[in-house]
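Starting from the known structure of chain A, arrange chains B, C and D on it as the hints suggest.
Protein chains: 4
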Amino acid sequence: MTKTRLEALSDGVIAIVMTILILEFKVPKLESSEGDWVLVKDFIHDLPVVLSYIISFLVLIVWWMSHHQLFHGAEYMDRKTIILNGIFLMFIAFIPYPTALMGEYPSLRFPSILYGIIGLLCGGSYYGLYHHILNKNAGHPFNASGNALSFKNTWLHLTVYIIAIGIAFVSPYISIAVYAAVPIYFIVKKNG
Amino acid sequence: MTKTRLEALSDGVIAIVMTILILEFKVPKLESSEGDWVLVKDFIHDLPVVLSYIISFLVLIVWWMSHHQLFHGAEYMDRKTIILNGIFLMFIAFIPYPTALMGEYPSLRFPSILYGIIGLLCGGSYYGLYHHILNKNAGHPFNASGNALSFKNTWLHLTVYIIAIGIAFVSPYISIAVYAAVPIYFIVKKNG
Amino acid sequence: MTKTRLEALSDGVIAIVMTILILEFKVPKLESSEGDWVLVKDFIHDLPVVLSYIISFLVLIVWWMSHHQLFHGAEYMDRKTIILNGIFLMFIAFIPYPTALMGEYPSLRFPSILYGIIGLLCGGSYYGLYHHILNKNAGHPFNASGNALSFKNTWLHLTVYIIAIGIAFVSPYISIAVYAAVPIYFIVKKNG
Amino acid sequence: MTKTRLEALSDGVIAIVMTILILEFKVPKLESSEGDWVLVKDFIHDLPVVLSYIISFLVLIVWWMSHHQLFHGAEYMDRKTIILNGIFLMFIAFIPYPTALMGEYPSLRFPSILYGIIGLLCGGSYYGLYHHILNKNAGHPFNASGNALSFKNTWLHLTVYIIAIGIAFVSPYISIAVYAAVPIYFIVKKNG
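Protein chains in written order, with our numbering: chain A, 1 to 192; chain B, 1 to 192; chain C, 1 to 192; chain D, 1 to 192.
Don't read these hints as lab results, they were simulated from the structure.
One should not assume that every hint holds.
[What the hints assert, rightly or not] 20 angstroms max Cα-Cα, derived DMTMM-like pairs, lysine to aspartate or glutamate:
1. Lys41(D) to Glu104(A)
2. Lys26(A) to Glu24(D)
3. Lys26(A) to Glu104(A)
4. Lys29(A) to Asp46(A)
5. Lys41(B) to Glu34(C)
6. Lys26(B) to Asp46(B)
7. Lys29(B) to Asp78(C)
8. Lys29(A) to Asp78(B)
9. Lys29(C) to Glu75(D)
10. Lys29(D) to Asp46(A)
11. Lys3(A) to Glu75(D)
12. Lys26(D) to Asp78(A)
13. Lys136(D) to Glu75(D)
14. Lys41(A) to Glu104(B)
15. Lys26(D) to Glu24(B)
16. Lys136(B) to Asp78(B)
17. Lys80(A) to Glu104(A)
If we strip away everything but chain A, and leave its shape as in the complex, we get (with noise of 0.2 angstroms):
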């Protein structure tokens, strides 16, 4: 009962940000002059936030994904599941503004370093989350081989957004292609 709330919960805020990352997409304001190559101009002006917006969705399909492998295979929760679980909701609730910032604003160097340090403090806090599920569930049936590989994947995660961090002090555009290679590997590799 207690997993079947939870991951409502979870499921929720997941479809939430994915939705509102669009938001940031306004319609502009025409004088009655203008016409169509105005919107077209406008259209292809933000595009670095329609890009933006396609990387951090698809990183929230991974995070998804995982949040749900890690769930499914686990049988035990208890109260420090729902906080832990609750910390790494409310870091991927502070997705949508990097972000956005990082559309508006992508060759400079602020956004893509604080979309870095988010992606973090989501990694970090999904590691406590999986660390502590795997002890509760201790013993049980739980795909240890498939554990090994998420930890993998966690570690793998930190330490590429560690570099992405990194680069991003010298070169935001570099920076933004690792954020979009990272989800993109996730995506297209056969193991999870």
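Just chains B, C and D now, kept in the frame of chain A:
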């Protein structure tokens, strides 16, 4: 289990998109000398936004109905189902932007073209999801005639949207009429 | 299965509408010389918005309660149920706009009239949904007296709203009082 | 059945409130001559908003945890449960406004006072819901000690909030510290 949460995430995203569509509809700021007639005039001026909202709401009802039918029949889900479903939801989440744009500037061509493109992306990603779920569940007591029909529907959807995009270059109003006709057709016809 | 997802979609839309109602309530921008009293004055000035929000929240609780009761008793669902339910949800999603308008301009007539019209559309579409579900489940152990009552309630709702719209042309404040009285009546009375 | 949908509606509202809290955090508009440092300065300037958001997120985690525990133990639900739960959710949905106000003007007294009042209304309506569910399920194998504890918690919550409102008249910062301490206390303590 996978199916339940995947459906919950999809229901969440579609419910949010349905609801935020109308947020574009803002309360006007009146001068102290202005009264009811300014509100009425503002409301009438915004009627294309309402109409555009209603079209997209009907489109979303049809998408939800198709998604529901597809997952209802399916039994086996995998990693790829999650990803393809996520990409479909991403395009669904794009719908509010061209909806607002089309409501604000119904006489311009770009909004209708963009609305059609997003519709094509929804249709194309749905087709991919459909194809994958059908392959994954091949040989199972899946309603074959329903599936054949749905494939036909998907192709019909894609073809009509391509034509509507073409029409939008000439007359956006006819194009909008086509976008309105598509969900009404799927709603009134007998077999899904 | 159909029922579960249809309920989930409905719960999602109603939960979102309940929550975005209050988003209209904005934090004021203070000048550096201004302090607590400006915030208090702004808050008092916005109290009609809060009141308008509370009315709509109560209305939504009653709608949710009715919807819940209706689907609880029903067993068979079809394509048409999905569509009629979708149309009901569409009018529900319209509620925030007249709510905000009525809160902002409670002394004007148009907001109260529009609020009544949206209420009528919710009531009318609910009546359609109700009628269809009852026909679809005829002969089944459906709580007949409860249904008779609910039909009476729906007609009561529609009649009172038509009267309230008429009153709004004369005095919007009395009309708002009627809108507030309707959900309170359904909440305090014993039998649903 | 009633319970499942009531939980779903509550999870939906709480998930949305958790997520829209952060929407107040807007991307700044830079002049073309401005760069990273303006973004950093803007971010630092907005840190109280982030802090205020984190406090409310923790508060919401604790509310959700309490709600979950309460409904987990309960078996019988009725019309009155729906209504009392709806009123509780209404006050929960108010949380984003004082949160944003407190984040924007942490040195003023009104935001902290209003935050406390909303907290009291959440606590009071939760107490009513709690009381009703306990009466409704009296004599059933409900965890009696857990309930006694939760009653104690509810009273503790109400008392501390009244004190914090009093403190806000003297020092809003100490009051905010108390609001932050409450969820942290409930999160770190062993027994619920």
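Pair hint Lys26(B) and Asp46(B), alpha-carbon separation not exceeding 20 angstroms: holds (9 angstroms)
Pair hint Lys26(A) and Glu104(A), alpha-carbon separation not exceeding 20 angstroms: Holds, at about 12 angstroms.
Hint consistency between Lys136(D) and Glu75(D) [alpha-carbon to alpha-carbon, up to 20 angstroms]: holds (9 angstroms)
Hint consistency between Lys41(D) and Glu104(A) [alpha-carbon to alpha-carbon, up to 20 angstroms]: Given that 20 angstroms is the threshold and the Cα spacing comes to 17 angstroms, the pair holds.
20 angstroms Cα cutoff - pair Lys29(D), Asp46(A): holds (14 angstroms)
Straight-line alpha-carbon gap Lys29(B) to Asp78(C), limit 20 angstroms: violated (44 angstroms)
Restraint status (C-alpha distance of Lys29(C) to Glu75(D) at most 20 angstroms): violated (48 angstroms)
Agreement of Lys41(B) and Glu34(C) with the hint, judged by alpha carbon distance not exceeding 20 angstroms: violated (36 angstroms)
Restraint check for Lys80(A) with Glu104(A), where alpha carbons must lie at most 20 angstroms apart: Outside the cut-off at roughly 38 angstroms; violated.
Satisfaction of hint between Glu104(B) and Lys41(A), Cα-Cα up to 20 angstroms: holds (17 angstroms)
Agreement of Lys29(A) and Asp46(A) with the hint, judged by alpha carbon distance not exceeding 20 angstroms: Since the Cα atoms of Lys29(A) and Asp46(A) sit roughly 14 angstroms apart, the hinted pair holds (cutoff 20 angstroms).
Pair hint Lys26(D) and Asp78(A), alpha-carbon separation not exceeding 20 angstroms: violated (36 angstroms)
Hints 5, 7, 8, 9, 12 and 17 from the list above are not met by this structure, while the remaining hints are.
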